[in-house]
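Student: Chains as they are written, first to last, in my numbering: chain S, 1 to 506; chain H, 1 to 300.
It is possible that part of the hints are untrue.
[Claimed, not checked] Distance condition first, Cα-Cα at most 20 Å in a straight line; then the derived EDC-like pairs of lysine to aspartate or glutamate:
#	chain 1	residue 1	chain 2	residue 2
1	H	Lys-214	S	Asp-12
2	H	Lys-271	S	Glu-89
3	S	Lys-79	S	Glu-89
4	H	Lys-297	H	Glu-220
5	H	Lys-268	S	Glu-341
6	H	Lys-214	S	Glu-10
7	S	Lys-372	S	Glu-322
8	H	Lys-268	S	Glu-10
FYI, nobody ran anything at the bench for these hints, they're computed from the structure.
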Amino acid sequence: MSYVNPLRQEEDRRLPRIAGPCGMVLFGVTGDLSRKKVMPAIYDLANRGLLPPGFSLIGFARRDWANQDFAQIVHDSVKEYARTEFREEVWRQLAEGFRFVSGDFDDDAAFDTLRRTIEELDQVRGTGGNHAFYLAIPPGFFGVVAQQLKEHGLAESEDAWRRVVVEKPFGHDLESARELNGTLDAVFKPGSIFRIDHYLGKETVQNILATRFANTMFEPLWNANYVDHVQITMAEDVGIGGRAGYYDGIGAARDVIQNHLLQLMSLVAMEEPTSFDAEALRVEKQKLLSSISLPKRLDLATARGQYAAGWAGGVHVPGFREEEGIPQRSRTETYAAIKLEIETRRWAGVPFYLRTGKRLGRRVTEVAVVFKRAAHQPFSATSVEDLTQNALVIRVQPDEGMTLRFGSKVPGTQMEIRDVNMDFAYGGSFTEASPEAYERLILDVLLGDPPLFPRHEEVELSWKILDPILDRWEAKGTPEQYAPGTWGPESADAMLARDGRVWRRP
Amino acid sequence: MIELTDTTSSAIAAEFIRARTRAGSPAMGMVMTLIVVVDEDRAEAAMDNARKATHEHPARVLGVVLGDARGAAQVNAQVGTGAGWGGEAAVIRLEGEVVKHADSVVLPLLLPDSPVAIWWPHDPPDDPAADPLGRLAKRRITDAAEVTRGKTKALAVQCTSYVAGNTDLAWTRLTPWRALLAAALDQHELKVTSAKVSSERISPSAELLAAWLKRRLRVEVTRSSSSGPGITEVVMETKEGPIRISRADGRLATFTSPERPDRPIALKRRKLPELLAEELRRLDEDDVYAATIRSLKRRR
Chain S
1 MSYVNPLRQE EDRRLPRIAG PCGMVLFGVT GDLSRKKVMP AIYDLANRGL LPPGFSLIGF
61 ARRDWANQDF AQIVHDSVKE YARTEFREEV WRQLAEGFRF VSGDFDDDAA FDTLRRTIEE
121 LDQVRGTGGN HAFYLAIPPG FFGVVAQQLK EHGLAESEDA WRRVVVEKPF GHDLESAREL
181 NGTLDAVFKP GSIFRIDHYL GKETVQNILA TRFANTMFEP LWNANYVDHV QITMAEDVGI
241 GGRAGYYDGI GAARDVIQNH LLQLMSLVAM EEPTSFDAEA LRVEKQKLLS SISLPKRLDL
301 ATARGQYAAG WAGGVHVPGF REEEGIPQRS RTETYAAIKL EIETRRWAGV PFYLRTGKRL
361 GRRVTEVAVV FKRAAHQPFS ATSVEDLTQN ALVIRVQPDE GMTLRFGSKV PGTQMEIRDV
421 NMDFAYGGSF TEASPEAYER LILDVLLGDP PLFPRHEEVE LSWKILDPIL DRWEAKGTPE
481 QYAPGTWGPE SADAMLARDG RVWRRP
Chain H
1 MIELTDTTSS AIAAEFIRAR TRAGSPAMGM VMTLIVVVDE DRAEAAMDNA RKATHEHPAR
61 VLGVVLGDAR GAAQVNAQVG TGAGWGGEAA VIRLEGEVVK HADSVVLPLL LPDSPVAIWW
121 PHDPPDDPAA DPLGRLAKRR ITDAAEVTRG KTKALAVQCT SYVAGNTDLA WTRLTPWRAL
181 LAAALDQHEL KVTSAKVSSE RISPSAELLA AWLKRRLRVE VTRSSSSGPG ITEVVMETKE
241 GPIRISRADG RLATFTSPER PDRPIALKRR KLPELLAEEL RRLDEDDVYA ATIRSLKRRR
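This is chain H alone, in the form it adopts within the complex (with noise of 0.2 Å):
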């Protein structure tokens, strides 16, 4: 990593084709540009986080650190390309008044024609979209499990402001459950008539979950609270008896269906960087979670 002290958007940019050069042009192949938003205390650990998830995307990862927004701005930034990278990286941290401006210090820096993400590992702001940063980005990461303030309303204020682009890792978390819930039906080709989702008290996948059920099943799903980890079970109710997976410990599940053994099937509970890299496989609307959302929305 290089350091650059007080510095601008183009010695950052040269100093990323110097790198190149020095590494013998490795990260010829980068498919997008990722921003990543986050504070000091936690930056390191995001960008090990990124870094992972660009295995599978080669990316110029962005990670911006928004200091004070008071007094004399100042840029300060570490570059490099580095062991292990899929691609490149630079940790920009910004003081002073050019906070308000992080967009005009990341917006030269953004790779050509190629797509933009970004991801915020906490605190997202209310309007993701409207977010300087966030609108220079095609697809709009935010997680409601690890905001630190007012963790209750996370989720809903993420489906208030929620327009194509938006996503959270609520929803990413999801994706084992809601396939193996899916080939549950592919195998017993029953009408489910209620369904029950259990998880920790403040859960947003799990109310993502039950919303989901709702909208597809079209009965109720009700909730109940369990001590985790994250979603813990899910019945759906059938003439002929429930299927049921539960999972307690977070890694192994048991699967119940009617007429069938019990069986039990691996269900991990996924680090950051595979959903981040679940999230950057598609960069278009995910039509199956605006619809979850919107359901969410209308509840309310």
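Only chain S is shown next, with the shape it has when bound in the complex (with noise of 0.2 Å):
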């Protein structure tokens, strides 16, 4: 007869998940992704007491470091960057887990004492023999980590669990991440290959679901019967900043087109998943994902850039060419913006407008479903002048929430119909209060919960639709020059105008 622990009641709510006897092994503990995102996301999961008893933390890298070195860079990246406050006995809790594996990827040895100490914890501090290996790595040393902990006895255990966490980027390519997915199907379980698009873990991107699907409202108009379009948007302030090492050759519509605005958008065009887990979503995401297509004169429906020097937000700041490390004729674009189509009968004939860059006017991400003229205004051609389209915007961040825009009259006028916007806001103070998308991916992954992870379906299908649109650009033409602070290059005007649209100032 199987156990049924008599604590726990399903309808006992108030009790959080904890993650069961684990640890965690980082890869790569120097890099901004560690100290910026998981250890602060660590720290604040145990504040918050969501880790177990014991959890332990070993840190693998190529340092001549001891395990107090490792416990000062964790606590120095915890006191700058972690959401919740400083506690003493939170901080003496997980320090006593921690642990500093030194060595090189190749290393034979340095897996053997990565072993070893895997082993001494579960036996000290009883993580049971469940560990999560977080590559936070470029992708390219991806295979041989994945080899090593193969050789290594490390990637099975008999009686528990193990995992690894990957980052984008997932290949650059299909072939290449059809290659990347080898890699480590070889070596995991597909249920323990868990790719983080820290998108997905973002409170906002999850209420896409809840205000869709737990509404009446919203869903009679989600077709193309009264969706005009959609524009979805990620626009960043700042340049590339040290990362041309990566961002060469990649480009925005690698770097986010294929991860987050796809996935953004498979969220807000799927249809209702029969339940929430991650098996149903998967389904559905998967489905639309195949039902995308191109439009057929890609030179006509896309539009890249390439942030110019000059001033932006009363600052100097130079052009990408001149970025340290950027070749002077580099081609990479750090503006991209592609129309997709769905071929289902809830989408026909309703574009979706993806964007996103680099040195832009502000620094947003939002999905704006801009809506059909009424069919006929009773009103006179000069009262409705300053009435535009209905809009439903979703704001993914900053200034969390949704905004409905549509008309209304202008009092003490005759009849004078303008725009007004109703605005729901997760609120200034309300955020403090949502924890970072982080947090919940990391529990996630200590829980074994993979709803809001991409699965490696869904990473070949977004190449697929990405790959034809890369091609044609690398074959010809070059990125457009776009003034920095500005909403991107007049070819991403001009490929709207076509169609008779305008692309929303977010």
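Could you use the hints to bring the two separately framed chains together as a complex?
Tutor: Printed below as a string of structure tokens:
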């Protein structure tokens, strides 16, 4: 008879789910991702009481460090970046479980040490053999690390779980993505591979599903009868910073559209899943992604650009080609806009415009569902001059919330109709309590709960959509220069103008 | 804060709208009304705690200070949105005959549609659901540990009058303990043979925890006294040895379990805003609390 924990009840909703005994091995300890996101998230989880007693963290890197040096790095990162307040008792609970293993990724001795360290932790900390391997390293090393884990018997355990966590980029085209998936699949079971797309951990993104499927008032409008088009934007006001080595040759489309924007699009456009478990969600997302089609003339339905030097937000900034580490003649795009269509009854004829870029007007991510104009206006043309199309805007970040844009009579006039906004904000102070995306995702990894992680089928489908565009860009033309701090190159505006539409100013 | 002297509900409501307009309409996302019934001495602290709790749940907070019921009726109020509020607030002071009709002042000030919660930071009525103000609310929050008169019987009184929608912060305080204990049995799939709860002498939380353990584990649960603070130790005996969580300083606990090394675990006593925020997160009946309360009542 299987064991039923008498203290757990379905209806006891106060009790948080605490991960079972486990530990994590972090590869790439000194990188930004580890220091700014992963380590603070682990502390925040501990502070919220969601990590098991005895949770342990092993750092692995090519540094000549002792355990306490590693603890110091984590301490500094937690002090600087953690969301919740620093509490000594929480720190003490965590710090006892820190270990550091020094070595190269191809160093057999180091992986032997790693195995012994894990076994030691199972003994003294009670991690129960359950370990997640977080690969916060360039994807070029995934293969060798995965192989090492396999060879040293770390990738599998008879009576415990082993999971691997990887971050984007999941390849740079379909072929490389398949290769990468093959590398991981050869070592880990599909259910043990967790691909982090941190956008999916955001409260606002999860709220897209709640908005659509828990309400009655939106879903009836959510189709080609009422929707004119959809704009999905992710803009950054910064340049590439110190990421030249990664960014050159990758570009905005691979960096953002392939993962974040296509995932957002699939959540916005997919059909209702039969339930909210991982499998049901994946089926719907996959269906949507496979029904996406590209316009025939790719040159007319896409746009790309590179930021030039100039003034942005009161600061003079260098152009992309002047950034350190970027070749003078680089053809990598820092702005990408594409038009996609969905071949389903719900969305036939409704274009989805996806755009992303660096050094744009401000940092913002949003989904704007723009509705058709009323078929007939009983008002005179002059009175609705100021009225544009109704829109529902889901603001993913910052200032998380939703805006509903519709027409309203201007007071005091005869009949003058103008756009107004109705705003729902998660609120300036409300967000204080909402956890960082990484907290949610890391906890889900430790709990083995996969709904928010894209599966390799989705990754490959996304590349199938993007590859023809990238090939076309590669074959012909160069990105157009655009002034920093603006909303992208003129060709992007022209691309919408051809359809008789304009980009929203986000 | 705007002072309104000798005022009425409609004047207070009008001031809410004016304050909101002045502040550029910041408080449009309010999700509930929270009534706080408090005496003059504790009003400021209670409003401060409520303000912090509304960071998570933007709300209209109505502090109601009930004064002397004798003499001519008078309603005075302070209204404001102010910095740091996740919503808006008013402290309404009642004196004279109107004290007996506080609900008539509060009713017109409830936000449309959204739920109403009420919190008595100290000395709740014996039957919160029958109280004129309590009747307005969907969620009635008492705090048996903060009762000033009849402390030993406070929890029993609330047990007797329990109906769906009542809840007590003594129960809220237990969530981290209960989460840890449940997690312990996730890790050690063992049958518990007996249990023990140690706490300071009067502790409604310890009483509830013992009742919960007894009901769920179906074993004898003993209580013992310690010098506190709050609950200091919970032991669950199994045939492989005890599972023990002990916390002497109210902050850091030690977790002991069979065949595993002892581990420190943070288990801080939480402050009122956190407790209130947890309590306001779900406004439907807490079935587990209800069952625990019923089992306590039966035992008497």
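Student: So if I understand the rule, the pair passes when the alpha-carbon distance is 20 Å or less; does H:Lys-297 with H:Glu-220 pass?
Tutor: Within the cut-off at roughly 17 Å; holds.
Student: Assess, step by step, whether the Cα of H:Lys-214 is no farther than 20 Å from the Cα of S:Asp-12, and give holds or violated.
Tutor: holds, 16 Å
Student: Are the Cα positions of H:Lys-268 and S:Glu-341 separated by 20 Å at most?
Tutor: At roughly 53 Å apart (the allowed maximum being 20 Å), S:Glu-341 and H:Lys-268 break the hint.
Student: Within 20 Å, alpha carbon to alpha carbon, are S:Lys-372 and S:Glu-322?
Tutor: violated, 43 Å
Student: Quick one, are H:Lys-214 and S:Glu-10 close enough, alpha carbons at most 20 Å?
Tutor: holds, 18 Å
Student: Straight-line Cα separation of S:Lys-79 and S:Glu-89 no greater than 20 Å?
Tutor: Roughly 14 Å between the alpha carbons, so the hint for S:Lys-79 and S:Glu-89 holds.
Student: Sort out whether S:Glu-89 lies within 20 Å of H:Lys-271, counting only the CA atoms.
Tutor: holds, 16 Å
Student: For the pair supplied as a hint, H:Lys-268 and S:Glu-10, is the alpha-carbon distance within the 20 Å limit?
Tutor: With Cα atoms ~26 Å apart, H:Lys-268 and S:Glu-10 exceed 20 Å; violated.
Consistency note: the structure conflicts with the earlier hints numbered 5, 7 and 8.
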